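8 protein chains.
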Amino acid sequence: MAADVIFDFERQRRIGLSEAVFCSGKTTLQISAILALARGRNSPLLLTRLTPDAAAALSDADRAGLDYDQHSHTAILGPWQPPAGAAQVAVVTAGTSDVRVAREAIRTLAFHDQAATAITDVGVAGLWRILAREDELRRHPVVIVIAGMEGALFSVVTGMVGGLVIAVPTSTGYGVAEGGRTALHSALASCAPGLVTVNIDNGYGAACAAIRALGLHTALKSS
Amino acid sequence: MAADVIFDFERQRRIGLSEAVFCSGKTTLQISAILALARGRNSPLLLTRLTPDAAAALSDADRAGLDYDQHSHTAILGPWQPPAGAAQVAVVTAGTSDVRVAREAIRTLAFHDQAATAITDVGVAGLWRILAREDELRRHPVVIVIAGMEGALFSVVTGMVGGLVIAVPTSTGYGVAEGGRTALHSALASCAPGLVTVNIDNGYGAACAAIRALGLHTALKSS
Amino acid sequence: MAADVIFDFERQRRIGLSEAVFCSGKTTLQISAILALARGRNSPLLLTRLTPDAAAALSDADRAGLDYDQHSHTAILGPWQPPAGAAQVAVVTAGTSDVRVAREAIRTLAFHDQAATAITDVGVAGLWRILAREDELRRHPVVIVIAGMEGALFSVVTGMVGGLVIAVPTSTGYGVAEGGRTALHSALASCAPGLVTVNIDNGYGAACAAIRALGLHTALKSS
Amino acid sequence: MAADVIFDFERQRRIGLSEAVFCSGKTTLQISAILALARGRNSPLLLTRLTPDAAAALSDADRAGLDYDQHSHTAILGPWQPPAGAAQVAVVTAGTSDVRVAREAIRTLAFHDQAATAITDVGVAGLWRILAREDELRRHPVVIVIAGMEGALFSVVTGMVGGLVIAVPTSTGYGVAEGGRTALHSALASCAPGLVTVNIDNGYGAACAAIRALGLHTALKSS
Amino acid sequence: MAADVIFDFERQRRIGLSEAVFCSGKTTLQISAILALARGRNSPLLLTRLTPDAAAALSDADRAGLDYDQHSHTAILGPWQPPAGAAQVAVVTAGTSDVRVAREAIRTLAFHDQAATAITDVGVAGLWRILAREDELRRHPVVIVIAGMEGALFSVVTGMVGGLVIAVPTSTGYGVAEGGRTALHSALASCAPGLVTVNIDNGYGAACAAIRALGLHTALKSS
Amino acid sequence: MAADVIFDFERQRRIGLSEAVFCSGKTTLQISAILALARGRNSPLLLTRLTPDAAAALSDADRAGLDYDQHSHTAILGPWQPPAGAAQVAVVTAGTSDVRVAREAIRTLAFHDQAATAITDVGVAGLWRILAREDELRRHPVVIVIAGMEGALFSVVTGMVGGLVIAVPTSTGYGVAEGGRTALHSALASCAPGLVTVNIDNGYGAACAAIRALGLHTALKSS
Amino acid sequence: MAADVIFDFERQRRIGLSEAVFCSGKTTLQISAILALARGRNSPLLLTRLTPDAAAALSDADRAGLDYDQHSHTAILGPWQPPAGAAQVAVVTAGTSDVRVAREAIRTLAFHDQAATAITDVGVAGLWRILAREDELRRHPVVIVIAGMEGALFSVVTGMVGGLVIAVPTSTGYGVAEGGRTALHSALASCAPGLVTVNIDNGYGAACAAIRALGLHTALKSS
Amino acid sequence: MAADVIFDFERQRRIGLSEAVFCSGKTTLQISAILALARGRNSPLLLTRLTPDAAAALSDADRAGLDYDQHSHTAILGPWQPPAGAAQVAVVTAGTSDVRVAREAIRTLAFHDQAATAITDVGVAGLWRILAREDELRRHPVVIVIAGMEGALFSVVTGMVGGLVIAVPTSTGYGVAEGGRTALHSALASCAPGLVTVNIDNGYGAACAAIRALGLHTALKSS
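Residue numbers (the numbering used here), protein chains in the order written: chain X, 1 to 223; chain L, 224 to 446; chain W, 447 to 669; chain S, 670 to 892; chain G, 893 to 1115; chain R, 1116 to 1338; chain H, 1339 to 1561; chain F, 1562 to 1784.
Incorrect hints may have been included.
[What the hints assert, rightly or not] The calculated label-pair distances, taken between Cβ atoms and stated as ranges, are:
no.	chain 1	residue 1	chain 2	residue 2	range
1	G	S951	S	A787	51 to 59 Å
2	H	L1375	R	D1250	27 to 35 Å
3	H	A1422	L	N265	41 to 49 Å
4	G	A949	S	S693	52 to 60 Å
5	R	A1171	S	R802	53 to 61 Å
6	W	G511	L	Q235	54 to 62 Å
Derived from the structure by calculation, the hints contain no laboratory data. This one's a predicted model, so the numbers in the text were calculated from it and none came from an experiment. Even for Gly, the Cβ is constructed at its ideal location relative to N, Cα and C.
Model the full assembly from the supplied sequences, consistent with the hints where possible.
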């Protein structure tokens, strides 16, 4: 059965977002086969959920030209450079443990040539921290908020700005917060109007939504 | 089997809080029997979860001298008067729908001769509302916070004050917030240190905890 | 305690979206008080979750000038007219039972002067129905998809278009689908990148998110 | 107590499906005892959920003549050969991570002398992939669909074909999809009529159902 | 917006099963519009989940020619007659409360011209009842088993016969069995190989699966 | 703080069952301290949930005189001998994976001088196996039934005998059966009257209930 | 299809407990048919979950000779008299709302000619109440404990007596206690050894278990 | 991105409780950076959830002056000494496995200069143990009760004393008690008035609540 891999290179042309390789649950053989396909087409590629162990299991040939970030478990294949324009997206984190997810979002944005502003450690237990950043936040048309535990930051930020706010609940927490359901439900039940959310720990998905909202599809349609 | 009612008049002597009559699930006959027992001992009595229908089903004799509040579904039997001292407890609500629970707490406090300050409609979707009350809040040694939906107000208030904060999650909400689990979990998972919580919609319990914390038991022990 | 109502008229100035009145759990007295406040300020007002029974309980004076829609349980106070511009938002429903939520979204958009295109009864059990609308869908920068049951339509539409897709899971269904959790989880777990979601049956929230994404806040910031 | 093993060799005669050995939770000693019983009766045997570690723990004698497949964690004892007839069953997978379950199904079918057509990597995020296989799918009287995440593929395929469709939800996914409940509920709540499902990751059970549906029992009854 | 009804008459041609009208959540106006569409096309129609109240709300014109069964909440429009052939499907119920679901299945089969054998009140608490019917059961290629509570009957029947067994868990029960999750999970976790299941109370779906399995689609494809 | 251990040697005198040492979550130091206390009082002792690793971590002195069984993770301290009388309790298991729990029950019974009859591998997928043991089962006043997966065996056995039947659901299973909730709920929702249950995997508790039911307390009270 | 009723009169002969009629979910026609069958055989009959409305819907002929108790929703058909012997079973309730379930248990015991001692309103919030009954409790070989809310009474009683203790969790409670899951889990997780439990609100089942434990089956077998 | 650490030294001044470092989910680099910040400000620091492995991964320089307790996974940085005053807080544990959480609470209290009385191994299965400590308990204005399994001790203690009682449910248990939800729900649903609770295993939070209740904030406000 070999690697049984079919890759959807068609997606970029259809919806303006390339398929990313979600590495969790894939064997080394399968990841390797996808990398070979991408290299054969000279296509840049984003890999998510690639653990340090899984990355180390790849051959030297597979790893060549891979920009791997062990904190966010992401890798980027192919020539790319940091985005040049002004940041349209702010990425806000409640606590230190949420930074790994923030980096997944920021690297996904960068892969699609979008810069981002990182605002870290502004959880509501010390409300003065987020209040000090209000003006800065309001200058970004899209704000991604990343929080675990009780996720109170989602509502607080959504009540502060007029742009699109995307919540990313994280699995940070214990007891009733373990796994991230409490933060997820806080995002969904928010009293602040217009907050939207993605799945737990899905920094990649939030970045894709930001890209959709920022109207990159416009260019696609007009081409 | 008649009314099968035994009432714990002993409790007041033992722990300084009288047993309240939780009327949900009790028949008219049973509530009537308890009222008769209390009148026979000349004992004031607090009834909770007495719906308007259940109150209307009581006989005129049973209702005589009952101070019934239909918004909070509470009734107080026996001569009592509003508490005279300064309020030691602030009762804060996020939205209009939470007021019924706030009134259960305030009336339970009053029954035990404790005044309270009501602060209403200060949910975090418009953060400026709660920020405007910060100094006032900090003057109360105990703050009861009542909120449904995502319950973000619990963490915000706990991060503002140094006194004891007691959360009462409410069943206000729909979808994932239906029944109050989301607000409850937010209280339990709060990133603000020292927040405690009671069961969903349990304004009575929060008031009892406030009374315990305010040291009324001291008098009891020294008597 | 009267009606205990404080209304956040401040919100419009701060974030560009006015507070809507969520009527579920509010008494007739409270709704009436809010209407009076709005009339006093000459402020248009959107009411959601106003059941036919609750609407009928309002006085004639309260109902004067209220545009009530019994299918979506929404009411609009004050002079308003249908939006004039081209529709930037498509509102797609899987089945007939989802139409009530779609109308809540469409009326919220209209209240903020945004036209919408309604595309109904295109569930995936007969895939040819949604395929026939693909080009039309792709012309809208924002697509709101409303579905209950298993919510497969969310992923299918997100795979078809490059714009922002907002899922509204509905409580339509029975057995494991009862209450809408299955559709909600399908939206969150979607294999299509960049899909975002709001709470179950929250057509109002999806419309607010669309308004945020469409950049109305830009005008706000530049004013 | 030794190995405490009793094996139900009677089952084949009664219902036309032999008992398979579910190895998870069994000790090496117990598996070894069952293999000895089967060899003693000259009976071919299918083992499922035999991890590579558990397989390696068996003695050389136990492993002799075992055809082990480490991707699907299945083993077959005894002389057997690939099925010769035309494939009556299509086995469809949404993503690369679902292939391990597909192989369990295909090997169970092969053990009962049924050929299968494998169709891989046709998840709905790129709908054009499954649409391209529609005619091929419709030629099989039974279609097994294997998907994790939100399981939208179940409804899409069931809406395309007139034969029996059996869903196998997989535990592929994270956040709300972790463990496979979301995919399972999608299968159960499907809007497409006549879809049936088995337990999460149960490729073996889906294959048994296909065998039952294909009428092999007919021969059994007529013999 | 009128009735907003689009009906998928295309489905019969595509997959050999006509769309049924799931009436729960539909307004009288919407049901009436669908009936009119069907009459206009001279198309027979099956309606499910039509409660006696909903049926009574229809006009006399709408009800003309409707064969309504109040026990199963189903209605059939158009000329039809009981199926003539021998029963290929056995429909087995554990208790008296499950009969309403059994009738939904039997009427769905009849609508598609399939006769069924009803075997009632054979729950496992008195095992001798189902044992007495074993030979009869084994003569049917498809067996639909309908049970609530703990659903033990699913495994017992599947262990007795070689044909396809389809479980329909019902919402009959209280405590942990309330709503039908316990019976559903019993079907999914069954130790008997090859059992498949549909959603709770979904007699209609089980019948559709039986029709798919019986190969009616063959005729369709060869026509 | 040393080992912080207080042991309830009082229990035997009060209720006729000695406290057992539940080792899960205890440190080696704590287990060692309890063993020393027991030896000091010359008191026999039963230890449960003592994993092979935890047993190996004990010192030679601690292990002296410990009868350890690695299959059931139980240990018995002090002179004891197999029970001499006729078995009053039958211990029935559905599958091979349930034997570890059966042994915990049987050893707990033996520690209290009660013999037991083990009946293994009689799951309902092959119903003829349990039917063959019906007469034997009916001769025991107490029957403990141990099953995972869907737990259908609980109801089948309870429908066969007139004695007390105690269910022990086990964590054997995967998908919806993972962790044992499905088997537990089957026991609780059983249609067979008079079935009782204990917690998942709690063979020790079932044995204690059997001892209570067999009236050993009578002797205690009369002494 | 008429009433579709088959009644298991065989059960009494087989296991010594007659089948009771669980009326919830049955139509008036079905209950009536069962009563007629019982009268035809001159067989006494116990009916449970017969609501006042359902009882009132029966014809005068059906109600003749029925001893109906509206508090416990039970009815007994046929000549019977209160049990004459000393009570072997104590039935303990935590609060007034649990009495309805206690009466179901006591009447089921009485139907099988077993007397019971009722001990009411002894919840642990006032521990002195249950402590005062300790000696009385210890004189009964079987104790049925009925409690809702947090169910702490189960463990307290089990720690006091040496006989068999059967927990009946009730659906009394609100918030996290709503429906009875919290009390049920308390019974299952009890730290007191040998406690067994039945389903929520299942007073009938607890009584049947008590009858099984009291060895009535012995007489049956020796006859 | 370096360590991305911002620490809220402001908190002490604002609410009288310093921020503790919750180490779970933080990298060695991040913990090290926080320690350096604290040393730079000469600020004492409390660290929680620091596993032995995480502690061992710190450099010698980082560990210098750290008072680490491996049983409770806490560490204290900076000169401190055991509290000198009389204990105002009693810390009660049900079983030996709960001691780790008790120590987290006691060390948090000590860090804030509050002495505590430890009362261990007084679970309700042997009720005489807690009854013997009643007078001692009543002398403390605050009682923290720590219990896993069914958590019956929470209600028993709350019924005994008049002071503030704070429940800490623990994750001690298996089956339905696994993870601590059963104990948590017992605390929330308690029939004893005024009991409050914190998240599962949150000894730190309970101690913070005790400090808030004891009025340390008073000094803060008057300064």
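Each hint, compared with the structure:
1. Take S951(G) and A787(S): their Cβ atoms lie about 53 Å apart, and the range 51 to 59 Å holds.
2. Range check, L1375(H) to D1250(R): about 30 Å between beta-carbon atoms, so the 27 to 35 Å window is met.
3. Between A1422(H) and N265(L) the C-beta distance comes to about 44 Å, which sits within the given range of 41 to 49 Å.
4. At about 54 Å, the beta-carbon gap between A949(G) and S693(S) stays in the expected band of 52 to 60 Å.
5. One distance hint, 53 to 61 Å for the beta-carbon pair A1171(R) and R802(S), holds here, with the actual separation near 56 Å.
6. Separation of G511(W) from Q235(L) is about 56 Å and conforms to the stated range, judged on CB atoms against 54 to 62 Å.
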